[in-house]
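2 protein chains.
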Amino acid sequence: MPGLPNATEAFVTLVTNPEYGLGAAVLGYKLRAVGTTRATVVMVTETVPETTRAMLAKTWDKVLDVTQLDSKDSDRLAMLKRPELGITFSKLNVWKLNQYKKVVFVDADTMPLSNIDDLFQYEELSACRDAGWPDCFNTGLFVLAPSPDTYKAIMKRACEEGSFDGGDQGLLNAHFSTWSHGDISKHIPFSYNVNPNASYTYLPAYKHFADQVKMVHFLGAVKPWHYQYANGKVQGQNLTEHTRKFLEEWHKVAEMVKQSYYQPTSAAPYVPPMSTGSTKPAAPSSHVVPDDVSSVLSHITAQIKNKEKAKSSMY
Amino acid sequence: MPGLPNATEAFVTLVTNPEYGLGAAVLGYKLRAVGTTRATVVMVTETVPETTRAMLAKTWDKVLDVTQLDSKDSDRLAMLKRPELGITFSKLNVWKLNQYKKVVFVDADTMPLSNIDDLFQYEELSACRDAGWPDCFNTGLFVLAPSPDTYKAIMKRACEEGSFDGGDQGLLNAHFSTWSHGDISKHIPFSYNVNPNASYTYLPAYKHFADQVKMVHFLGAVKPWHYQYANGKVQGQNLTEHTRKFLEEWHKVAEMVKQSYYQPTSAAPYVPPMSTGSTKPAAPSSHVVPDDVSSVLSHITAQIKNKEKAKSSMY
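Chain order of the listed sequences is C and D.
Sequential numbering from 0 applies to the first sequence in numbering that gives the first Met the number 0.
Sequential numbering from 0 applies to the second sequence in numbering that gives the first Met the number 0.
Please note that the accuracy of each hint is not assured.
Any copy, or any two copies together, can satisfy a pair, since identical chains are not distinguished.
Calculated cross-link-like contacts (lysine-lysine; reagent style DSBU-like; alpha-carbon spacing at most 35 Å) [claimed, not checked]: (1) K151 with K101; (2) K206 with K95; (3) K244 with K206; (4) K155 with K185; (5) K232 with K101; (6) K155 with K232; (7) K206 with K151; (8) K57 with K213; (9) K100 with K251; (10) K185 with K213; (11) K257 with K155; (12) K155 with K251; (13) K232 with K257; (14) K206 with K155; (15) K232 with K151; (16) K206 with K185; (17) K251 with K232; (18) K101 with K206; (19) K185 with K232; (20) K151 with K244; (21) K57 with K185; (22) K95 with K232.
Think of the hints as simulated: they come from the structure by calculation, not from any bench.
Just so we're clear, the structure is a prediction, and the values are computed from it rather than from any experiment.
Build out the structure end to end from the sequences listed, making use of the hints.
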């Protein structure tokens, strides 16, 4: 049963804002739908409002606060010199969860298509090859063994060297640098972390291996929640057939999440989130605002339309 | 010394038309410039005109005719049912070159930046991961041990199953299907087969590993010879800094090849190549037409301009 208090293995994700909150809600729902037997844990930063936390509490076993670092902490001070690494540092908190012997970390913009519990047979650090620079691993999915010592070692590297890509992927590839040509048993098949958006680079392979895809990862700036969805169809041009299929599957689940987990009440006026970097957390609310997700989606849709308008005026 | 008659190891490429002929001329020049001690062999199909063969003879040790298959040959007949595999079948001829114990096959749209002779330490079948679907290998570069038996086995598979991408990469990945998660010593570092055009997928890694790049591979529809080049600069928009650098290096060598290997004579009127699929070979010529490469480049440039014009009118 998921959520057993003495579970030793867990799926973990990270949420830093309401948009990724919806992504994580879909992911949590999907993990249960495909029948995981492991605990599911979502780490949230102080920038995540109460409404999002409440939604997450219904699709994940545990909602854990992270980044409550002491301001006198030397790690924290070092981090402040590299503000761009803030979210990366939040992700590193997964190594502190040593109530679990093994964790599969998955980004909140991923969606499993079938049971992926067999990932727990892999050892730290296992991951899939990155489409783009395939001698790096992609940190949208990785297997780790939580340990405060490892946490400190990675933190130390981050403070001393930074990250070659300004995020967790560069940092973790530098730390686990033997992964590329070391033990091949730590190379998880690419079918567990497939970016449908990248299909144009080698479309025939995407088609050929389509029925082996276990999990999709919506990499890039445009996320599933940025697309309009109505009557079971996603609105969007230049989408390949399988990208459209995965996006529609995501939205189908998002609709279910909204319908199943939001109980209509009299809603307080919704203030859409502006940015995550320096935003103060929203005032705690004792109930779930029913139109939260819809409002976020409308807000984002308007933003995209404005961006597209600005872009098209460049031609 | 390159070209020793009793060499047991060779770099091999394939040329099927004049455009790739120029690519191969640059590649052959570069292989010598970076000091290879192995033989260099270019396989040419019947569609390659004499002028191109003459140019290649000056930058490669051997120019070998391939695809002169007997029309009564059962392999040939099977191939005719799959005309799209014609060029793939030509490439497979490399397994017939059993005068060599080991071969490094390199596509004609590649360019080594430094000596890559250490590739001969790898065993069949070694290759780099494909940026796009990284559990496949990219067949722009691979190490093989020529053998008529292997040739027949791959040919048999091609006739029975075809190729999932319609080319050699799908076929060879299906044949050497254990490569992905088998022996990691057959995984050549990605730095030996880097596609500069794909940089947008993970630009920070391209920058971080830039000084490790051993060979670039100009994947995709737009090849180096499609760009205009003048005064040491390549004309092109939306090129990343390192793509531009590699393209200018390629053109610098192309200029050298043209200046070093073309002797002006009274030229016959030049007829630009139209298509490679069913083109008859050009009439043999006893001399090198001086403006051959320039004319091809002008012709292609005009084609690109027309395409761009047609494309821009779509906005």
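Going down the list of hints, with the structure as the test:
{"no.": "1", "hint": "K151 with K101", "in the structure": "within (18 Å within a copy, 47 Å between copies)"}
{"no.": "2", "hint": "K206 with K95", "in the structure": "between (39 Å within a copy, 32 Å between copies)"}
{"no.": "3", "hint": "K244 with K206", "in the structure": "both (13 Å within a copy, 34 Å between copies)"}
{"no.": "4", "hint": "K155 with K185", "in the structure": "both (24 Å within a copy, 34 Å between copies)"}
{"no.": "5", "hint": "K232 with K101", "in the structure": "neither (38 Å within a copy, 53 Å between copies)"}
{"no.": "6", "hint": "K155 with K232", "in the structure": "neither (47 Å within a copy, 44 Å between copies)"}
{"no.": "7", "hint": "K206 with K151", "in the structure": "between (42 Å within a copy, 27 Å between copies)"}
{"no.": "8", "hint": "K57 with K213", "in the structure": "within (24 Å within a copy, 51 Å between copies)"}
{"no.": "9", "hint": "K100 with K251", "in the structure": "within (34 Å within a copy, 57 Å between copies)"}
{"no.": "10", "hint": "K185 with K213", "in the structure": "both (17 Å within a copy, 26 Å between copies)"}
{"no.": "11", "hint": "K257 with K155", "in the structure": "neither (41 Å within a copy, 54 Å between copies)"}
{"no.": "12", "hint": "K155 with K251", "in the structure": "neither (42 Å within a copy, 45 Å between copies)"}
{"no.": "13", "hint": "K232 with K257", "in the structure": "within (17 Å within a copy, 55 Å between copies)"}
{"no.": "14", "hint": "K206 with K155", "in the structure": "between (42 Å within a copy, 23 Å between copies)"}
{"no.": "15", "hint": "K232 with K151", "in the structure": "neither (46 Å within a copy, 48 Å between copies)"}
{"no.": "16", "hint": "K206 with K185", "in the structure": "both (25 Å within a copy, 26 Å between copies)"}
{"no.": "17", "hint": "K251 with K232", "in the structure": "within (9 Å within a copy, 51 Å between copies)"}
{"no.": "18", "hint": "K101 with K206", "in the structure": "both (33 Å within a copy, 33 Å between copies)"}
{"no.": "19", "hint": "K185 with K232", "in the structure": "neither (38 Å within a copy, 44 Å between copies)"}
{"no.": "20", "hint": "K151 with K244", "in the structure": "neither (41 Å within a copy, 40 Å between copies)"}
{"no.": "21", "hint": "K57 with K185", "in the structure": "within (33 Å within a copy, 47 Å between copies)"}
{"no.": "22", "hint": "K95 with K232", "in the structure": "neither (41 Å within a copy, 52 Å between copies)"}
The structure fails to meet hints 5, 6, 11, 12, 15, 19, 20 and 22 from the earlier list, while all remaining hints are met.
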